Amino acid sequence: MQKPRFTETQGRYLAFLRAYTAVHGHAPSEAEMQDYFKVSPPSVHRMILALDQRGLIAREPGVARSIRVLVPAAELPPLDGDEPTPRGRSVAGSADDLRERATIVEQTGREVVKVMLARAIAIGIDDADSLPLIAAAADAVENMVRAAGIAPRGARLARERVLDIAEKEYLRLCSEQDEEGDPEEDAARFWELLEPEDGHG
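Residue numbers for the sequence shown, in our numbering: 11 to 211.
Any given hint could turn out to be false.
Beta-carbon label-pair distances, calculated as ranges [stated by the list, open to error]:
hint, residue 1, residue 2, range
1, Thr17, Arg78, 18 to 24 Å
2, Arg129, Arg166, 48 to 54 Å
3, Leu167, Glu189, 29 to 35 Å
4, Val73, Arg163, 23 to 29 Å
5, Thr17, Ala41, 20 to 26 Å
6, Arg163, Ala68, 35 to 41 Å
7, Glu18, Glu195, 46 to 52 Å
8, Thr17, Glu190, 17 to 23 Å
9, Gly72, Asp188, 33 to 39 Å
10, Lys48, Glu189, 31 to 37 Å
Honestly, the hints are just simulated from the structure, not real lab data. Remember, it's a predicted structure, so these values are computed and weren't measured experimentally. Glycine included, C-beta positions come from ideal geometry on N, C-alpha and C.
Take the sequences, apply the hints, and build the full model.
Take a look at the structure:
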């Protein structure tokens, strides 16, 4: 029997890296991996070094968030810790499996939009430029949830839940920036700047 290319824990890290990157467009930071897996900073750093040494990921030296997963998606386990999909076969999985995978995508999307909003404020990106990116991230969540086998209505609801989280985070960040601001005006601006067709409905 061929020795597995990676351990179960390494597989979970690889799956998280791939899912996060698919939604956000770049890899998570080590701090975000630490938060997701509830481990110490040294543990995450050692894991990244191990994945790199095994040739499972590629990194650009000195470039933040440049990790690329080199393992095909079909070889990676779902983030819930189930057994990996057998190589070379497409397995739909049970309804519970599909829902769990869709939930993981949605949860990742929620974390991603919060990071995006905080980062946009930190580096001074205008709302008119940053909020359409939030809409794009929510669109990606919808597409990925649908690809996981969830009905279009369920995928659309996942998108809406991600946007609801983004709105709450946006209002929180706005209140930190301006304690005397008007939350209703901030909410109206949020939905107006996402995309013309976006809204609570």
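Inset, instruction - Report the numbers of all earlier hints that the structure fails to satisfy, in ascending order. - result: 2, 4, 8
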